[in-house]
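Starting from the known structure of chain A, arrange chains B and C on it as the hints suggest.
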Amino acid sequence: MELIPALSYLAFFLVFAGIFAVMALGLNLQWGFTGLFNVGVAGFVAVGAYASALLTGPPEPDRLGGFGLPVLVGWIGAMVASGIAAFIVGVAALRLREDYLAITTFGIAVVIQLVALNAQAITGGPFGIQSIPKPFADALGAGLAWNLTYLGLVVLVLGVAWWALDRLVASPWGRVLRAIREDELAAASLGKRAAAFRLQSFVLGCMLMGLGGALYAHFVGYIAPEDFLPVLTFQVWAMLIVGGSGRNAGAVLGAVLVWAIWSVSGGLIRGLLPAAEQARGAALQVVLIGVLIAAILVLRPRGVLGERATVSRHAAGD
Amino acid sequence: MTPALEFSGIEGGYEPGLPILRGAGARVMPGEIVTLLGPNGAGKSTLVKAAAGLVPVWAGRVTLGGRDITGMPAHRMVHEGLGFVPQTENVFANLSVLDNLKLAAALVAKRRRRELAEMFALFPDLDRQRGLAAGRLSGGQRQMLAVARALVASPSVLMLDEPSAGLSPKLVGVVFDRLRAVRDAGVPILLVEQNVKAALALADRAVVLVEGRERLEGAAREVAADPRLKALYFGAHEEAA
Amino acid sequence: MLQLVADGLVVGSVIALGAVGLTLTYSILRFANFGQGEFMTWGAYLAVSALALVLAVTGAGVMEPLGPFSFGWQLIPAMALAAVLTAAIALAVDWALFRRLRRQGNAITLVIASFGAALALRNLVQFLYGTLPEYYTREIQIAIRLVPRDVLGGLRITPDQMLVIGLSLLLVVALHVMLARTTLGRAMRATAMNPALARVAGVDVDGVVRATWVIGAMLAAVAGVMAGVVGQVRPMLGFDLLLPLFAAAILGGIGSVWGAVLGGYIVGLAESFSVPLFGAEYRAATAFLVLIGILLLRPTGIFGERA
Numbered sequence: 001m002e003l004i005p006a007l008s009y010l011a012f013f014l015v016f017a018g019i020f021a022v023m024a025l026g027l028n029l030q031w032g033f034t035g036l037f038n039v040g041v042a043g044f045v046a047v048g049a050y051a052s053a054l055l056t057g058p059p060e061p062d063r064l065g066g067f068g069l070p071v072l073v074g075w076i077g078a079m080v081a082s083g084i085a086a087f088i089v090g091v092a093a094l095r096l097r098e099d100y101l102a103i104t105t106f107g108i109a110v111v112i113q114l115v116a117l118n119a120q121a122i123t124g125g126p127f128g129i130q131s132i133p134k135p136f137a138d139a140l141g142a143g144l145a146w147n148l149t150y151l152g153l154v155v156l157v158l159g160v161a162w163w164a165l166d167r168l169v170a171s172p173w174g175r176v177l178r179a180i181r182e183d184e185l186a187a188a189s190l191g192k193r194a195a196a197f198r199l200q201s202f203v204l205g206c207m208l209m210g211l212g213g214a215l216y217a218h219f220v221g222y223i224a225p226e227d228f229l230p231v232l233t234f235q236v237w238a239m240l241i242v243g244g245s246g247r248n249a250g251a252v253l254g255a256v257l258v259w260a261i262w263s264v265s266g267g268l269i270r271g272l273l274p275a276a277e278q279a280r281g282a283a284l285q286v287v288l289i290g291v292l293i294a295a296i297l298v299l300r301p302r303g304v305l306g307e308r309a310t311v312s313r314h315a316a317g318d
Numbered sequence: 001m002t003p004a005l006e007f008s009g010i011e012g013g014y015e016p017g018l019p020i021l022r023g024a025g026a027r028v029m030p031g032e033i034v035t036l037l038g039p040n041g042a043g044k045s046t047l048v049k050a051a052a053g054l055v056p057v058w059a060g061r062v063t064l065g066g067r068d069i070t071g072m073p074a075h076r077m078v079h080e081g082l083g084f085v086p087q088t089e090n091v092f093a094n095l096s097v098l099d100n101l102k103l104a105a106a107l108v109a110k111r112r113r114r115e116l117a118e119m120f121a122l123f124p125d126l127d128r129q130r131g132l133a134a135g136r137l138s139g140g141q142r143q144m145l146a147v148a149r150a151l152v153a154s155p156s157v158l159m160l161d162e163p164s165a166g167l168s169p170k171l172v173g174v175v176f177d178r179l180r181a182v183r184d185a186g187v188p189i190l191l192v193e194q195n196v197k198a199a200l201a202l203a204d205r206a207v208v209l210v211e212g213r214e215r216l217e218g219a220a221r222e223v224a225a226d227p228r229l230k231a232l233y234f235g236a237h238e239e240a241a
Numbered sequence: 001m002l003q004l005v006a007d008g009l010v011v012g013s014v015i016a017l018g019a020v021g022l023t024l025t026y027s028i029l030r031f032a033n034f035g036q037g038e039f040m041t042w043g044a045y046l047a048v049s050a051l052a053l054v055l056a057v058t059g060a061g062v063m064e065p066l067g068p069f070s071f072g073w074q075l076i077p078a079m080a081l082a083a084v085l086t087a088a089i090a091l092a093v094d095w096a097l098f099r100r101l102r103r104q105g106n107a108i109t110l111v112i113a114s115f116g117a118a119l120a121l122r123n124l125v126q127f128l129y130g131t132l133p134e135y136y137t138r139e140i141q142i143a144i145r146l147v148p149r150d151v152l153g154g155l156r157i158t159p160d161q162m163l164v165i166g167l168s169l170l171l172v173v174a175l176h177v178m179l180a181r182t183t184l185g186r187a188m189r190a191t192a193m194n195p196a197l198a199r200v201a202g203v204d205v206d207g208v209v210r211a212t213w214v215i216g217a218m219l220a221a222v223a224g225v226m227a228g229v230v231g232q233v234r235p236m237l238g239f240d241l242l243l244p245l246f247a248a249a250i251l252g253g254i255g256s257v258w259g260a261v262l263g264g265y266i267v268g269l270a271e272s273f274s275v276p277l278f279g280a281e282y283r284a285a286t287a288f289l290v291l292i293g294i295l296l297l298r299p300t301g302i303f304g305e306r307a
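Protein chains in written order, with my numbering: chain A, 1 to 318; chain B, 1 to 241; chain C, 1 to 307.
This is chain A alone, in the form it adopts within the complex:
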C-alpha cells in the first residue's frame, strides 16, 4: 500500500472521527451528565453547519449570504445559532416529562430538515451550499498537507472542548447537575433553578453539536439536507452508548470505534455489492448498526468504558 494515500485516508478518517467526537461530547453533557434525551442531534448539527456556511461563504446572487467572514467567526456563529435553537426547544420541553424532550427534539430535527430542503433563499434547497471555504486551503492545496492541518484543527477543538467539559463537570455547576440527575429530591428542592441548570446543559450540548456541524461543513466544502438525516442522530447516539455515557473519554472512544465500524462496513458493502444494489446495502448497514446499539443496550448497558461508579441511585437516596 502506498504511503501517501494511506496516510491521507487515515487523516480523513480521523477528521471525521474527531468531528463526531465533538458532537458525542455535546450529547454526553446532555445525556451522560444531565439525563436529557436529545433525538434531534442531526437538526442542531445542521443549524451549525448552515450558519457557518452562510457566514463564511462567498456571496451568492440568489441566496442570503454568504458574508465572507473569517472561518473562526463562522464557527462561533454556528455555536450561537445552535444554542438559540436549543434554547427555544429547551424552554418549551425541559420542564416536562423527560420523554417529551425526546419527542420535541425529534420534531425540531424534522422541521430543520424541511427548512433546509425548502427555504431555497437561505439554504440553497436540495442542492445545499457549495464552495464553503476550507481554512488554509489557499496555502496548502487540497492534498495530504491540508488534511493533516485540518486534522490538527479538529484535534485542537476537540481537546479544548474535552478539557473545558472536564473542568465544567468537576466544578460546582457540574456537581449540581449530577445531583439533579441522581437525586430527584435534590432536583425538587432546587425547583426552578434545577430547570435552569438543565436548560444550560442542554444549550451547551447543542452548541457543541453545532460546532461539529461547522467543522464538518468546512472540511467537506459543501453541505446539503441529506447530510443531516436522522441516521446522523443515530450514529452519534451509537457512539455515546458504545463508548459508555457519563464519561467524556467514553464519548470520544465511542466516536472512533463506531466510525471505524461504519467505515469498514460501508467499504465492504461498496466492495461486495454490485452498483445496482448499493442503496439496499446502505440500508442494511444501518440495520446492522441498529442491531449493534440494541445489543449493547441489552448486554453491556454501561458501554465499553462505562460510567465511573460515583453515585449509585440507591446511595443517593440514603
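Don't read these hints as lab results, they were simulated from the structure. Note that beta-carbon positions come from the ideal geometry of N, C-alpha and C, so glycine has one too. A couple of the hints might just be wrong.
[Said to hold, decoys possible] Okay, the calculated bits of chain A under chain C, using three or more residues with CB under 8 Å as the criterion:
hint, segment
1, 34-42
2, 96-104
3, 234-243
4, 291-301
[Said to hold, decoys possible] Across the chosen pairs, the derived CB separations fall in these ranges:
hint, chain 1, residue 1, chain 2, residue 2, range
5, B, 17, A, 136, 52 to 60 Å
6, C, 207, B, 170, 40 to 48 Å
7, C, 302, B, 128, 24 to 32 Å
8, B, 80, A, 295, 34 to 42 Å
9, C, 273, B, 18, 52 to 60 Å
10, A, 220, C, 147, 52 to 60 Å
11, B, 136, C, 169, 26 to 34 Å
12, B, 65, C, 100, 34 to 42 Å
Same frame as chain A, now just chains B and C:
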C-alpha cells in the same frame, strides 16, 4: 392446625446486598387477626410486599395453607388465595368503583369469585358510589374499596399494609370494625400497623419486627402490656439517632 | 374550504388510528415508542406482499374493484394477514429488546432502544422492498362531488377516502368498547394506572403488555394500509407520520383513546389548512407547531389526567 399463612427465615430486599429482611418469620392461624408491628424501617411493609411477590425473596419460605408459594409471580398469588391491600394507591383511580370490583372478580377462577352484591352489603358506602371513578372517593371509602377489591377474590388470607394511614381516628374505627367483620366471616388477616394502640386493640395476636427479624410475639393483650414493646421501639430509635 | 376539511379528516383518520395505538402503548408500556411509525410502514408493505399471495392463491391475477372502491376484496384478507404479521414483529422486538430493558428499569433507555429499533426496521423495509413506491392497485378512482363548487368552494371525495374515515372510526369505537367492557380492557386500564397494584390484584401484567403490543401494532398496520390506499406505500410512510402521531397523542392526553382520535383530526385539519397558508412543502412542520403549542399551553393534553 396448619397456619393460614406462615413466613419462615425470610431474607430479602429491593437491591442485592442491601437486605431489609434478615430472617423474618410470622404466622397467621385460621380465624385470627395478627398485627405486624415495629419501628420505622423494621421491614414490616417489606415483609408483606415480599409475601405478595412485589419484593424479591432471597431465602426462606412463604406457605399459604401449607402450600409453598415462595417466589411465585404476584398475580399467581391471588389465584392461590393470598389477598393484599397496599398502603397507598390501592385502588385503580381511573376505573369506576364497579369496574375495580368487576376486574378483580373476573381475574380469579369462578369458584373463588364472590358476588359483588356481597361486597356492597359489607360496604354499603360503596353501593351508593358504584359509577364514581375510584380516584374521587374519600379516603375512608377508598380503603373500603381496596379491601373489597381484595375480598372479591375470596382470599384465604388477607394482608393489609397500614390501612389506617391518613385516616381520621373516627374513620380508623370504621375501617377496623369492617376488618373485624371480615375476620368473623372467616378470612384471617395480617395487618401491618404504625398505629400500635389501635392495632393491638383490634388484633388477636401481635408480632414485633425490628431490623428485619421478629423480636416479640404473643397474644395482643400480653404484647400490649409487655415492657419490652416500648424498649424495642425506643431502642431502635436510639440506634437510628 | 370544505375540501380542506375533508382532506384534513382523511389524513386525520390515519393519524388518529396510529395515535390511538401509540397512546395505548405509551400509557401501558410507559415509554414513547419511536417504532410505532415503522409498524405502519411494515403493515403497509406486508399487505403488498400478502395481497400478491392472496391473488396468487385465488388465481385471480388482477384485482377486480370491489363496488365503488379502487381495490378488490382480496385486500381485506391481505390487510388482516399484514396486521397479524405486524403484531408478530412487535412481539418479537419486545421479546428480543424491550422485555430485557424493562427489567433494567430505566424508561428512557427504552426510548433510545425504540429509536434504534425504528431505524433498523425502516432500513430493513428499504433493504427488502427497495425505495420505489408501491401501490395496492393502479385503478384510478373518480371523486364524487358531494357539494357543488359554489358552496364554500365545494367538496369532492373518493369512496376510498370515505372508507378510510369510516373504518378508522369503527375501529376506534370497537377499541373503546373493548377497553370499557371486557376484562382485558379493564386490566389494560388498570395496568396503565398502576402496574404494581394490577399485579397484586391478579393481573398478569406480562400478558397485558403482550396484548398491548398486539393491539397497538395491528392498529398501526391497518393505519399503514389505509395510508397506502389513499396514497402510496413508501419506506418513509411511517416515519413521516411519527411526528403527527406524537402530536395527536400528546394533544389528546396520553392514555386517552378519544383524545388521540380528536388529536388526530386536529393535526390532520391543521396540516390541511396549513397548505394554502404556508405551502405544501411545510405541511409536515404543522404537527410540530401543534406539539409545541400544546406543550406550552396544556402539557397534559385535552383529556389528560396526569403530567
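Structure-based check of all given hints:
no.	hint	verdict
1	34-42	holds (count 3)
2	96-104	holds (count 8)
3	234-243	holds (count 4)
4	291-301	holds (count 6)
5	17/B / 136/A: 52 to 60 Å	holds, 57 Å
6	207/C / 170/B: 40 to 48 Å	holds, 42 Å
7	302/C / 128/B: 24 to 32 Å	holds, 31 Å
8	80/B / 295/A: 34 to 42 Å	holds, 38 Å
9	273/C / 18/B: 52 to 60 Å	holds, 58 Å
10	220/A / 147/C: 52 to 60 Å	holds, 53 Å
11	136/B / 169/C: 26 to 34 Å	holds, 30 Å
12	65/B / 100/C: 34 to 42 Å	holds, 36 Å
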